[in-house]
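K.L.:
Residue numbers (our numbering), protein chains in the order written: chain X, 62 to 639; chain F, 256 to 418.
Please note: incorrect hints may appear among the correct ones.
Unchecked claim - Below, computed lysine-lysine pairings styled on DSBU-like, alpha-carbon distance capped at 35 Å:
1. X:K359 / F:K317
2. F:K317 / X:K257
3. F:K347 / X:K203
4. F:K321 / X:K619
5. X:K372 / F:K347
6. X:K375 / X:K625
7. X:K238 / F:K327
8. F:K357 / X:K239
9. F:K345 / X:K372
Stated by the list, open to error - For each label pair, taking beta carbons as the anchor points, the in silico distance ranges come out as:
10. X:P233 / F:E294: 26 to 36 Å
11. X:Q174 / F:R281: 23 to 33 Å
12. X:Q174 / F:E294: 38 to 48 Å
13. F:S349 / X:I168: 43 to 53 Å
14. X:D469 / F:E267: 43 to 53 Å
15. X:T211 / F:H417: 42 to 52 Å
16. X:V565 / F:E267: 52 to 62 Å
17. X:E569 / F:S272: 45 to 55 Å
Think of the hints as simulated: they come from the structure by calculation, not from any bench.
Bear in mind the structure is a predicted one, so any value in this text is a computation, not a measurement.
Even glycine gets a Cβ: it sits at the ideal position worked out from N, Cα and C.
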Amino acid sequence: MELSGGHILVQCLKDEGVEFVFGYPGGSVLHIYDAIFHQDEVKHILVRHEQAAAHAADAYARATGKPGVVLVTSGPGATNAVTGIATAYMDSIPMVIISGQVPSPVIGSDAFQEVDTVGITRPCVKHNFLVKDVNDLAETMKKAFYVATTGRPGPVLVDVPKDMTDPNIKVPYKYPKKISMRSYNPVVSGHKGQIKRAVDMLLTAQRPMIYSGGGVILGEAHKELTELTQLLGYPITNTLMGLGGYPATDKQFVGMLGMHGTYEANMAMHESDVILAVGARFDDRVTGKLAEFCPYAKIIHIDVDPASISKTVKVDVPIVGEVKPVLEQMIELIKDSKTKPSKSALESWWQLIGSWRDVHCLDYDRTSSVIKPQYVVEQLYQVTGGEAFVTSDVGQHQMYAAQYYHFDKPRRWINSGGLGTMGFGLPAAIGVKLAFPEANVACITGEASIQMCIQELSTALQYNAPVKIINLNNRYMGMVRQWQEFSYQSRYSQSYMDTIPDFVKLAEAYGHVGMLIEKPEDVRGALEEAFALKDRTVFLDFITDRTENVYPMIEAGKGHHDMKLRVAPGTPVDRELS
Amino acid sequence: MRHIISILIENESGALSRVAGLFSARGYNIESLTVAPTEDSSLSRMTLVTSGSDEIIEQITKQLNKLIDVVKLIDLAESAHIERELMLVKIKTSHDTREEVKRMVDIFRGKIIDVTANSYVVEMTGQSSKLDAFIHGFEEGSIIEVVRSGPTGISRGEKGLHL
Ligand SMILES: Cc1cc2nc3c(=O)[nH]c(=O)nc-3n(C[C@H](O)[C@H](O)[C@H](O)COP(=O)(O)OP(=O)(O)OC[C@H]3O[C@@H](n4cnc5c(N)ncnc54)[C@H](O)[C@@H]3O)c2cc1C
Ligand SMILES: Cc1ncc(C[n+]2csc(CCOP(=O)(O)OP(=O)(O)O)c2C)c(N)n1
Ligand SMILES: [Mg+2]
Numbered sequence: 062m063e064l065s066g067g068h069i070l071v072q073c074l075k076d077e078g079v080e081f082v083f084g085y086p087g088g089s090v091l092h093i094y095d096a097i098f099h100q101d102e103v104k105h106i107l108v109r110h111e112q113a114a115a116h117a118a119d120a121y122a123r124a125t126g127k128p129g130v131v132l133v134t135s136g137p138g139a140t141n142a143v144t145g146i147a148t149a150y151m152d153s154i155p156m157v158i159i160s161g162q163v164p165s166p167v168i169g170s171d172a173f174q175e176v177d178t179v180g181i182t183r184p185c186v187k188h189n190f191l192v193k194d195v196n197d198l199a200e201t202m203k204k205a206f207y208v209a210t211t212g213r214p215g216p217v218l219v220d221v222p223k224d225m226t227d228p229n230i231k232v233p234y235k236y237p238k239k240i241s242m243r244s245y246n247p248v249v250s251g252h253k254g255q256i257k258r259a260v261d262m263l264l265t266a267q268r269p270m271i272y273s274g275g276g277v278i279l280g281e282a283h284k285e286l287t288e289l290t291q292l293l294g295y296p297i298t299n300t301l302m303g304l305g306g307y308p309a310t311d312k313q314f315v316g317m318l319g320m321h322g323t324y325e326a327n328m329a330m331h332e333s334d335v336i337l338a339v340g341a342r343f344d345d346r347v348t349g350k351l352a353e354f355c356p357y358a359k360i361i362h363i364d365v366d367p368a369s370i371s372k373t374v375k376v377d378v379p380i381v382g383e384v385k386p387v388l389e390q391m392i393e394l395i396k397d398s399k400t401k402p403s404k405s406a407l408e409s410w411w412q413l414i415g416s417w418r419d420v421h422c423l424d425y426d427r428t429s430s431v432i433k434p435q436y437v438v439e440q441l442y443q444v445t446g447g448e449a450f451v452t453s454d455v456g457q458h459q460m461y462a463a464q465y466y467h468f469d470k471p472r473r474w475i476n477s478g479g480l481g482t483m484g485f486g487l488p489a490a491i492g493v494k495l496a497f498p499e500a501n502v503a504c505i506t507g508e509a510s511i512q513m514c515i516q517e518l519s520t521a522l523q524y525n526a527p528v529k530i531i532n533l534n535n536r537y538m539g540m541v542r543q544w545q546e547f548s549y550q551s552r553y554s555q556s557y558m559d560t561i562p563d564f565v566k567l568a569e570a571y572g573h574v575g576m577l578i579e580k581p582e583d584v585r586g587a588l589e590e591a592f593a594l595k596d597r598t599v600f601l602d603f604i605t606d607r608t609e610n611v612y613p614m615i616e617a618g619k620g621h622h623d624m625k626l627r628v629a630p631g632t633p634v635d636r637e638l639s
Numbered sequence: 256m257r258h259i260i261s262i263l264i265e266n267e268s269g270a271l272s273r274v275a276g277l278f279s280a281r282g283y284n285i286e287s288l289t290v291a292p293t294e295d296s297s298l299s300r301m302t303l304v305t306s307g308s309d310e311i312i313e314q315i316t317k318q319l320n321k322l323i324d325v326v327k328l329i330d331l332a333e334s335a336h337i338e339r340e341l342m343l344v345k346i347k348t349s350h351d352t353r354e355e356v357k358r359m360v361d362i363f364r365g366k367i368i369d370v371t372a373n374s375y376v377v378e379m380t381g382q383s384s385k386l387d388a389f390i391h392g393f394e395e396g397s398i399i400e401v402v403r404s405g406p407t408g409i410s411r412g413e414k415g416l417h418l
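Isolated chain F (complex conformation):
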């Protein structure tokens, strides 16, 4: 099963490589990883998407917790949560296709943020599956470039992951 693990970690150089190193050393699967400082600049928040059996996920969370730099973590998949990913896509356009592309972007509630004679850059956020669906809506060859942040997430309700 797919799990989204949200981690509060000391904002130290090397903290990221400890997490990445753990996954490669123990042969765990990493689908995506995002990291940025939080409102407290001494802490970073990391969102990690992985998959595996319940036993493997249990080991992953235990091993992550064991890293000295990890302050706290939760497995978002265990309760109600919201998940978002940011995507920037560069799409080929021509006089004939411009309107169609624009309509697609509107349907998916994206934004066109750069325009040239032959291309659009589209910004879109949503669940990863929505972003996948948008991409699949285009013919092969019409997409020039895709940049995705990987999912980030937050739990629903008033409780939060903090110190």
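Here chain X stands alone, though its shape is the one from the complex:
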């Protein structure tokens, strides 16, 4: 079969089984768009800004486990996508980005809409390619998908100069079934001896903790993690990225750890003597002050990326490999082992944890006459039966979502953890809804974040992707305001906007339903009404407490045992706003 470059690209996507490509046209990709016009197998989703194309594709990948695909033009198309690419990179999300480039003969001449896309994206992709010969196009695409989806996943960009897709140049097309690269051989199974050492250490622990992260979700190992944890009867905590890797409603789950983790999770980490870290990368939001991190613990770390191991925290038993096969082996060894976890040690450990749980660190004022953001998330949880896909933006609302929506399943919690990108939530919700048209998809956001990609309301209408937008409108960049309250004596420098749009009218202008909710007693009804409107996008503008803060909080430079808690659980917090 002889095809031109544009048709080759589209055919590669078909051969990869790609359902959707999220993109935006422009000069250097017009040949590719013409090839897209000639078929309807691969559906193109026209976003309203290239950043959103990357976020939607990224969220599609997070929800399905399949790589997301993005198509953008050269120059501004590519630079607009960079924030979205970096977002995917920081959270290790498999994604393939095709960017147009000026024709190869004029590269380097400051041609119209030329930027060095390969250079600009180099630090925020797993790998990138510049195609120099149309005969290499299919193999390069195969490599891109292979690299993006194996080992530690990540975005891979393919930069395609316009002459590579010239409709008059046709070359034989063959999509490789398999590919191997001498320079890239990700490790799969872990070292047997190390796994044995790890199991011995785990079984003789007195105060064990399991700390799992995004690697469990990415590596489809939630079943194995759950089995191992329940086999041992040990407490488990998840990172923000790892939520849903273990059922949050199970009694062994002590909540999220880290800066806004629960009191019990952080205290248990601090006091633990053996920690099993599974697909988590000891991020600074998790560890707090490194010198005070887990002072009594021996650490076992399973990670597919050797560079994640002993990067910030020195570990005692490193295991390089995919979480799934490594956990399977550990389960076998534990079942066969004569040593069993010490019942009495475990009992007193759970007792201690129970006393930390009794602090009820997530309690908040339920009698308030203004809407508490936590209450909205709790009600959302109930109305959706805990089964919704929840995307979020970045800020306080993101933390409330993580703390009060209990994820029992993986791939339901879709947020930007590593880069913390405001603007992620709405396009992400659209990406998820397209993947699962029957599912409830909610985007928990704030009045500042939502305005960063608000234009995507238009995309949601065009592609019939009805999502529910839960705007926790505190009239502040709440997360910024909170830091300013704690660290800058409440000097709220630029953390609010003098003009906030009428979101109800805005939603209506985009062809959707808008709702304004101002009283706690209206929250439940509004949510029920919104979710009953199955095929409409509904923008729910909840006017929430302006002064609410996220607790617990480990402030910068503090250790896990040094948490700021809500002043007195259950009583309203009395704070003056200047």
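Since the structure of chain X is already known, use the hints to place chain F with the ligands on it.
P.N.:
Showing chain F with the ligands alone in chain X's frame:
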């Protein structure tokens, strides 16, 4: 501690900038970097001199290995190895100093490869410290120009860094 990292890397455009970019992005120190194709033209060999604590060197080698274009690497400092650097030096000479300069070059086993009435160009290879010593043997102002390749290295014994 000083480390010499020897890298086999795909001979692709952009491969060098991936390595250089990694060092600047992560704030690692780079003392020198040499690169040239090998006998297999699809591969380049890169020699990189860096320094840092054991933890930093461990991260550097892991991060380098993570680059998709890197095929293999070794830290030469971990075992017996040979290290050489090439230097070209242009030295001012006068009727009075010519003999002295020539003697110095002989002591250091260098070669004079260009001569004018007022200058020599000297070629010298050796360990970097030897080249330093040669330079320090001259008075300030007598050296017109120094060009150094940066060290390259190879391990001792029959084992080698190849595919
Ligand atoms: C406002 C804000 C507040 C935050 N507060 C918190 C907080 O309180 N607590 C918190 O936890 N986070 C918090 N974060 C998120 C934080 O910044 C990090 O993104 C997060 O902690 C990283 O999660 P992780 O360690 O699970 O790693 P991920 O980024 O999910 O990385 C996954 C790890 O698993 C490895 N891996 C991938 N696939 C596999 C596989 N198949 N097998 C084995 N290993 C694999 C990868 O190599 C990597 O090391 C916050 C973020 C924001 C924006
Ligand atoms: C693109 C981007 N710019 C700036 C920030 C820094 N930042 C983090 S949270 C936040 C405020 C978010 O405000 P809002 O969306 O209203 O959420 P709230 O914290 O009030 O719930 C800002 C500005 C960011 N994370 N992303
Ligand atoms: Mg806000």
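K.L.:
Determine for every hint whether it applies to the structure shown.
P.N.:
Quick rundown of the hints versus the structure:
{"no.": "1", "hint": "X:K359 / F:K317", "result": "23 Å, holds"}
{"no.": "2", "hint": "F:K317 / X:K257", "result": "24 Å, holds"}
{"no.": "3", "hint": "F:K347 / X:K203", "result": "59 Å, violated"}
{"no.": "4", "hint": "F:K321 / X:K619", "result": "32 Å, holds"}
{"no.": "5", "hint": "X:K372 / F:K347", "result": "50 Å, violated"}
{"no.": "6", "hint": "X:K375 / X:K625", "result": "27 Å, holds"}
{"no.": "7", "hint": "X:K238 / F:K327", "result": "26 Å, holds"}
{"no.": "8", "hint": "F:K357 / X:K239", "result": "62 Å, violated"}
{"no.": "9", "hint": "F:K345 / X:K372", "result": "45 Å, violated"}
{"no.": "10", "hint": "X:P233 / F:E294: 26 to 36 Å", "result": "32 Å, holds"}
{"no.": "11", "hint": "X:Q174 / F:R281: 23 to 33 Å", "result": "31 Å, holds"}
{"no.": "12", "hint": "X:Q174 / F:E294: 38 to 48 Å", "result": "41 Å, holds"}
{"no.": "13", "hint": "F:S349 / X:I168: 43 to 53 Å", "result": "52 Å, holds"}
{"no.": "14", "hint": "X:D469 / F:E267: 43 to 53 Å", "result": "46 Å, holds"}
{"no.": "15", "hint": "X:T211 / F:H417: 42 to 52 Å", "result": "25 Å, violated"}
{"no.": "16", "hint": "X:V565 / F:E267: 52 to 62 Å", "result": "54 Å, holds"}
{"no.": "17", "hint": "X:E569 / F:S272: 45 to 55 Å", "result": "50 Å, holds"}
Checked against the numbered hints above, the structure violates hints 3, 5, 8, 9 and 15; every other hint is satisfied.
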